[in-house]
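Visitor: Based on the hints, put chain B in the right spot on chain A.
Chains A and B supply the protein sequences, listed in that same order. Counting from 25, one number per residue, gives the positions in the first sequence under the working numbering. Counting from 25, one number per residue, gives the positions in the second sequence under the working numbering.
Hints listed in this document are in silico derivations from the structure and should not be mistaken for laboratory results. Do not rely on the hints blindly, as some may be mistaken.
Where chains are identical, the list cannot tell them apart; a pair therefore holds if satisfied intra-copy or between any two copies.
[Unchecked claim] Pairs of lysine-lysine residues, derived as DSS-like cross-links and limited to a Cα-Cα distance of at most 27 Å, are as follows:
| id | residue 1 | residue 2 |
| --- | --- | --- |
| 1 | K305 | K52 |
| 2 | K281 | K39 |
| 3 | K212 | K282 |
| 4 | K305 | K281 |
| 5 | K305 | K59 |
| 6 | K219 | K164 |
| 7 | K258 | K212 |
| 8 | K305 | K282 |
| 9 | K258 | K219 |
| 10 | K148 | K258 |
| 11 | K219 | K59 |
| 12 | K212 | K281 |
| 13 | K68 | K129 |
Protein chains: 2
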Amino acid sequence: MGNLGTPITENLLQKGHALLVYNRTAAKAQPLLEKGATLAASVKQVAEASDMVFSIVSDDGALNQITLGADGIAANLKPGGVHISMSTILPATATQLQAVHQQHKSHYIAAPIMGRPEAARARKLNFLVSGEAPVIQLAKPLLTDGGAAGIWEFGNEVNAANVAKLCSNFMIISAIEAMAEAINLGNKSGIDTAKWHAMLTQTLFASPVYINYGNMILKDAYAPGGFALRLGLKDVHLVLQQGESAGAPMPTAELAKKQLDACMQQGLGEHDWTAIAMALK
Amino acid sequence: MGNLGTPITENLLQKGHALLVYNRTAAKAQPLLEKGATLAASVKQVAEASDMVFSIVSDDGALNQITLGADGIAANLKPGGVHISMSTILPATATQLQAVHQQHKSHYIAAPIMGRPEAARARKLNFLVSGEAPVIQLAKPLLTDGGAAGIWEFGNEVNAANVAKLCSNFMIISAIEAMAEAINLGNKSGIDTAKWHAMLTQTLFASPVYINYGNMILKDAYAPGGFALRLGLKDVHLVLQQGESAGAPMPTAELAKKQLDACMQQGLGEHDWTAIAMALK
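Excised from the complex, chain A in its bound form (with noise of 0.2 Å):
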């Protein structure tokens, strides 16, 4: 029930879904309940009574610790159940957790978002999605009522669509990381960097990535909100890793590391991750 969670479910309770709801925080809850969401007292009373479980959390211990163990979504979703997991973790979380449902002869399908909350309210948001193209069918109806307006599919490795939500937060936080340099060097040199970004998002750069995040560097407006930067910077340190354990290597995102780093040592990490252009200063 954090940020993207949020929109999501009421955009399921709008289309009419019985949702039973869990959130740690249970206060956090409260405003789904009063739109006709139950709330459950926990992840296993959830899974228990549940065709399909969402779940989205921030990071890997997260979703292993609600997801393994006796009171875990795998041990407790009913066989053929479908556990739609929408978190950003690493590719190799994704197979491990996959196989536990199959032990428990239940499903596990990855499902990361692409897009910000007020991208899921407008019912604007992108899921890549990967696993059993059965289950996959299953849940796209679903993923849509969520406020899908695009579902990519990546095939049946189930940490495909990991892989893939990975590589894009990586295109982000590097399109940020230069946006961020090039907006600096024309203010330092005297340009009018908004008539600048005008003309580069006309031109060849004319996509939300570059209108959006330019607008809030040009500003030099990161307030709390949207997508924080701890929340990038953990982004970042997946890439990271996916790089090793792949071969690949990623010089931008070792670069973006290190200027997450900083923000966070000047205490920026709940404000928007945009503020990696504070690192310059």
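Guide: Just chain B, lined up with the frame of chain A:
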């Protein structure tokens, strides 16, 4: 009369302009003579005979060479004549050359170009311009006839367009490097990177840079032509020089320099600058 000079000249000829052309290697101008241009024996002869002189050369040294001295453009333009300088150069060079033109009662404006040869032929170039406003107004119809789809004005400071151009080229090489790392990571992790690229360029990164250069990286095809890697490296040097003089840290440009240097050592200087991807192999 290089990759961009040739199609721009052809565009101007098509629009009915009388052109006197000069190229260090006269043979390269030959096809243009057949299309109606007149060959000059020297830069001096071009300057003496013309109201407006376009120049496009590969670096600051070459521009200084054709502009300064007794045989240069500045000393030989008639009073009130205009030098439209399209090269990608250090901003400080533009300021210096404008001053020399002013001593000779002629004008110098900066008009660096965003666009590859195929964009020039399709009349889809973007010119970034700066300098004296009335002179810019005089030059604009010629830029349009030369193939401008967009003319972006950065004000009276003559070096502003050069700063904007360096910031833009920096953005492109940063985007290429990030895509190269992500596609390599995706490939080595076993995902369908063509599908990933399709997803990315239909959502957050739906823009020409990611579509065009991404396709080159997916195909691992960096044939000579387009924009030579050695020229990209030259631009990155300019970005780093500008960063240093403006007091703006450019860690991503330093990284790009390192990767491009590695490519130069692999003998890829004449390949397209997308070949920066080869530094990861």
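Visitor: Could you figure out if K258 and K219 sit no more than 27 Å apart (CA to CA) within one copy, between two copies, both or neither?
Guide: between (34 Å within a copy, 25 Å between copies)
Visitor: Quick one: K212 to K282, C-alpha cut-off 27 Å, is that within a copy, between copies, both, or neither?
Guide: Classified as both; 22 Å inside a copy, 24 Å across copies.
Visitor: Is it within, between, both or neither when you check K219 against K59 at 27 Å Cα-Cα?
Guide: Intra 44 Å, inter 38 Å, cutoff 27 Å: neither.
Visitor: Please work out whether the CA atoms of K281 and K39 approach to 27 Å or closer within one copy, between two copies, in both situations, or in neither?
Guide: neither (40 Å within a copy, 52 Å between copies)
Visitor: Since the copies are identical, ignore which copy is meant and state whether K258 and K212 lie within 27 Å (CA to CA) inside a copy, between copies, both or neither.
Guide: between (31 Å within a copy, 21 Å between copies)
Visitor: If the cutoff is 27 Å on CA atoms, where do K212 and K281 land: within, between, both or neither? Let me know, please.
Guide: Both: 24 Å inside a chain and 21 Å across chains, each within 27 Å.
Visitor: Please sort K219 with K164 into within, between, both or neither, judging by C-alpha distance up to 27 Å.
Guide: between (42 Å within a copy, 18 Å between copies)
Visitor: Which holds for K305 with K281 at a C-alpha limit of 27 Å: within a copy, between copies, both or neither?
Guide: both (16 Å within a copy, 22 Å between copies)
Visitor: Since the copies are identical, ignore which copy is meant and state whether K148 and K258 lie within 27 Å (CA to CA) inside a copy, between copies, both or neither.
Guide: Cα proximity of K148 and K258: one copy only (24 Å, versus 41 Å across).
Visitor: With identical chains, the pair K305 and K52 could be close in the same copy or across copies; at 27 Å between alpha carbons, which is it: within, between, both, or neither?
Guide: neither (36 Å within a copy, 48 Å between copies)
Visitor: If the cut is 27 Å between Cα atoms, do K305 and K59 qualify within a copy, between copies, both or neither?
Guide: neither (45 Å within a copy, 53 Å between copies)
Visitor: Indicate which option fits the pair K68, K129 if close means a Cα-Cα distance not exceeding 27 Å: within, between, both or neither.
Guide: Within one copy, since 16 Å is at most 27 Å while 84 Å is not.
Of the numbered hints stated above, those contradicted by the structure are hints 1, 2, 5, 11, listed in ascending order.
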